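Student: Use the sequences and the hints to build the structure in full.
Residue numbers (the numbering used here), protein chains in the order written: chain Y, 1 to 286; chain G, 1001 to 1286; chain D, 2001 to 2329.
Heads up, some of the hints might be wrong.
[Unchecked claim] Result set (DSS-like, lysine-lysine): computed pairs, CA atoms no more than 27 Å apart in a straight line:
no. : chain 1 : residue 1 : chain 2 : residue 2
1   : Y       : LYS239    : Y       : LYS222
2   : G       : LYS1013   : D       : LYS2224
3   : D       : LYS2098   : Y       : LYS41
4   : Y       : LYS222    : Y       : LYS182
5   : Y       : LYS233    : D       : LYS2098
6   : Y       : LYS182    : Y       : LYS151
7   : G       : LYS1013   : Y       : LYS107
8   : Y       : LYS146    : Y       : LYS225
9   : Y       : LYS107    : Y       : LYS178
10  : Y       : LYS146    : G       : LYS1057
11  : D       : LYS2137   : G       : LYS1013
12  : Y       : LYS107    : Y       : LYS146
[To be verified] Computed list of chain D residues with no C-beta within reach of chain Y, every gap over 12 Å:
no. : residue
13  : GLU2044
14  : THR2053
15  : LEU2063
16  : PHE2071
17  : VAL2090
18  : GLY2139
19  : GLY2175
20  : SER2177
21  : VAL2204
22  : GLU2210
23  : SER2230
24  : ARG2262
25  : GLU2285
In short, the hints are calculated from the structure, not lab data.
Just so you know, these numbers come straight off a predicted model, no measurement behind them.
From the three backbone atoms N, C-alpha and C, an ideal C-beta is built for every residue, glycine too.
Next come the chains, spelled out residue by residue.
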Amino acid sequence: MTKKRLGLITAVSLAVALMLVFAAAGCGESDNGTAQPEEPKLSGTLNLSGSTTVLPLAQEAADMFMDENPSVTVNVQGGGSSVGISNVAESVVDIGNASRGLKDEEKSLGLVDHEIALDVIVVIVHSDVPLEGLTADQVFDIFTGKVTNWKDVGGPDQAINVVVRDEASGTREMFDEKALRKEAPMAGAIECNSNGIVRQTVSSTPFSVGYISLGYLDSSVKALKYDGVEGSKVTAVDKSYPLSRYLHMFTRGEATGLAGAFLDLVLSDGFQNDVVSQEYIPMTEI
Amino acid sequence: MQGVIDREWIVRKTLFTLAMMTVLGIILIIFFVAREAIPAFTGAGPANLFSATWNPKSGQYGMLIFLTGTLATTVGGLLLGTPLAIGSALFLTQMAPRRVRSIATRGVELLAGVPSIVLGWLGFTIMVPWIRSATGSTGTGLLAASIILAIMVLPTITAIAKDALEAVPESHKQAALAMGATRWQMIRRVLLPAAKPGLLVAVILGMGRAIGETMAVALVIGPATAFPTSLTTPTHTMTTKILIEMGESTGLQRSSLFAMGLVLLLMAMLLILLVRLVTHRKEVVR
Amino acid sequence: MTTDLESEVKTQETQPRVDLAGDVCEIRDERIEGIIQANITRSERRAQLLDRTATATVWTLALIGLGILAFIIFVILYRGIAAALAPGFVFGKPQAMKEGGGIWPMVVSSFYLALLTIAIVVPLGVGAAVYMTEFAKEGRITRLVRFGADSLSTVPSVVFGIFGMVLFVIYFGLGYSLLAGALTLALLNMPTVMRTTEEATLAVPRSYREAAMGLGANRWETAKKIVLPSAMPGITTGIVLTMGRIVGESAAVIYTVGIFVRKAPTSPLQPAAPMAAHIWHTYTEGALVSDWMRVANGEAAFLLLVVLALNLAARMIARTYRKRLGMVN
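Tutor: Laid out in structure tokens, this is it:
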């Protein structure tokens, strides 16, 4: 036996061992899909990824879907809206979740948009701010840094602490586009990673202002009227309140098979009215 | 006999391959991070990438804010952490009674094991509110991040500094004491100078830890895409920017996040070279 | 004189407040006269004062360090232990839309990920270490390997995360999965396993090897039958400590494994949500439920308990082994 041949054998056996590992892992996967062969209906694996905002909804739907179809495995992962969109475009997953619409460069990917919920954004302030509402212009001025003192918008003589979402946020994307007329918020605004942190920051920082999803609103902060309109399900549905955005699920081409069945469940009256309505405006009411 | 030699040859080559995985690993990391970063260098250009403005909407991907945040928090963490760590190492090697020494050594190891997300959570829920009420600011920013980093580098620096101090021959110390030096004179004139290269290595590796720390900093840094104007204004570091925005960015924005990753990689390798320069220690692994 | 001093040094080590410098000076004072004597005494006094101040400072610094550790452990456990030990929390199903969620799938994810990573990193790290200590001659190759290991150990974990995302999740098509995370973390932890193994094998006396070689064993037989078994306590301790690091890792996991699941993973190709990554998710998205602080506090406390337990286990394993082998180390 020459050393060269031995080297080859080593390499081949290593490769075989590696493949075995992968195959074993793969078997475990398909075992899940075919665990109960007597189930006549759907089987297989459905993969979702994307927005961490949509994640809780998608997980909830996945649970219900797997309860109804025991031989289906649904894997839901986060990653972010952009990850979800690029994953579904590259067929890495079956459904890509996003808390924003498609960007221009994403519109040519052949994705089909399924709107699954409406999210209303409200402007909130610390409870020591004695205002009940702000006009659209005032909100624009405050968040872009043109107004820095509450007295300029009818409040007390106190500096304004502006709290916004981080740039990765779909909420921020919507707010910048609609309330800030596509301008960026003032430099030095506090960026928070989530609705919860915005709420906490505003509730603990005197004379601060921020914005959150309606679902996160509680008594620790005060919601302001926007241009005289209170942000609510009613005003968002009748379109008198402009600050809202849809949550999306994207499929590559029309949704068929497992993905189609899953989206049917997500858009069903039951799921929309029982689950989606807990935090968002269900599509059934729009 | 031939078979025996061949088996040893196979084993030797296999083990050699495993050892080379460290080299292959670092090459793979550099290659794949660089591959994703290249569009930023060709598309946006180095002048754009290293500018002071980060505003993806207008095509500006400057990383200077994040670089500043990383350097400032690292320096802050080291300023606070190094005296504590060197003091602890001196205590452990020169002054602690035997029983205290073994308990304290274990404590240092335990501190190294505290997950950074747990430390960050503690910083976010306890320390930030303290700083907030003490200074009237948001409580997040360089100060909070530096304190957290000081805690994170403490076990790293202490452990390596302890090794360095223990490596000083007992005879040197005894000679100093025999000449009538007090313990502190011995420490200052003999021990510390003799251990200096090792102590420097300790600080450099602590610096590496501080530059790379992500989670603990992400919860207390703010964040805000703005240069820090004081110790308690929210800002960003390179690691936190990558962490928060990776999932929600596409195209050049995503690519410039990878460019930041590449800069971090190069900084890490530069520190290793620096360590080699300071000392001829063959191995500096934590 | 020398022997006296040696014993003095030893006493000093165990009883830090005994100041031997004074004694030495007194002996010397008898031999020196007049003004010189006075001058020396003055500078001696200053030196002694400085010595006491320095001693106090070092004690204070060390106590601050230990105080911080005690504070961290106390506060994390104090705030989270009630939630962590409440029935239905550790074994409970996580909730994203309503209160009362538990963390069972995250607990499973953490341990699954740790075991999978260990299964990959131990052959890598131990093999590499055996090569370095038993086979390789110091030279260009060993320097290269060490440089690789040093570099890997200083690369920020978030960079490991985005690298793992590009290579394993996307390029290899593994998706967000335990396997993608385990491969990433194996690379991240390889230097640690390698170093602890090297330390353990280097501690095995040279005479053991010489004896084995003398009996006709080749290097591999010597390594397998003599060196590795004797180094086992050190290697095992290193592995258990590495498990602690894996369980606590979050930045490298978020973009390779996942942040939230509602069912415990059953295959390495499934996404999962290790506890450390899930705390981050709770911080960023968890506030949809009003008890998110309870979840995060409880999970942080439980995670810390797991890490402390692994630390303790590592120590106990080392001690038991050492006793059984009768090794002095």
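Student: Is the straight-line distance between the alpha-carbon of LYS1013(G) and that of LYS2224(D) 27 Å or less?
Tutor: It holds: about 16 Å lies between the C-alpha atoms, which stays within 27 Å.
Student: Against chain Y, does LEU2063(D) hold up as non-interface, every C-beta pair farther apart than 12 Å?
Tutor: holds, 32 Å
Student: Take a quick look at whether LYS222(Y) and LYS182(Y) sit within 27 Å of each other, Cα to Cα.
Tutor: holds, 26 Å
Student: Do the alpha carbons of LYS2137(D) and LYS1013(G) lie within 27 Å of each other, as the hint requires?
Tutor: Given pair LYS2137(D), LYS1013(G) holds - Cα atoms ~14 Å apart, limit 27 Å.
Student: Over 12 Å to the closest beta carbon of chain Y is the bar; see if GLU2285(D) clears it.
Tutor: GLU2285(D) not clear of chain Y: closest Cβ-Cβ about 5 Å, inside 12 Å.
Student: Just checking, SER2177(D) versus chain Y, shortest CB gap more than 12 Å?
Tutor: Violated: least Cβ distance 9 Å, not greater than 12 Å.
Student: Taking the closest pair, is the beta carbon of ARG2262(D) still more than 12 Å from chain Y?
Tutor: Non-interface label fails for ARG2262(D): nearest chain Y Cβ at 5 Å, not farther than 12 Å.
Student: Closest CB-CB distance from GLU2210(D) to chain Y, is it above 12 Å?
Tutor: holds, 28 Å
Student: Far enough from chain Y: is every CB of that chain over 12 Å from the CB of PHE2071(D)?
Tutor: Check passes; 22 Å lies beyond 12 Å.
Student: Looking at VAL2090(D) again, its CB stays over 12 Å from all of chain Y?
Tutor: holds, 20 Å
Student: Taking the minimum C-beta separation from SER2230(D) to chain Y, is that value above 12 Å?
Tutor: holds, 28 Å
Student: Are the Cα atoms of LYS107(Y) and LYS146(Y) separated by 27 Å or less?
Tutor: violated, 34 Å
In the structure shown, a violation is registered for the earlier hints numbered 3, 7, 12, 19, 20, 24 and 25, in ascending order.
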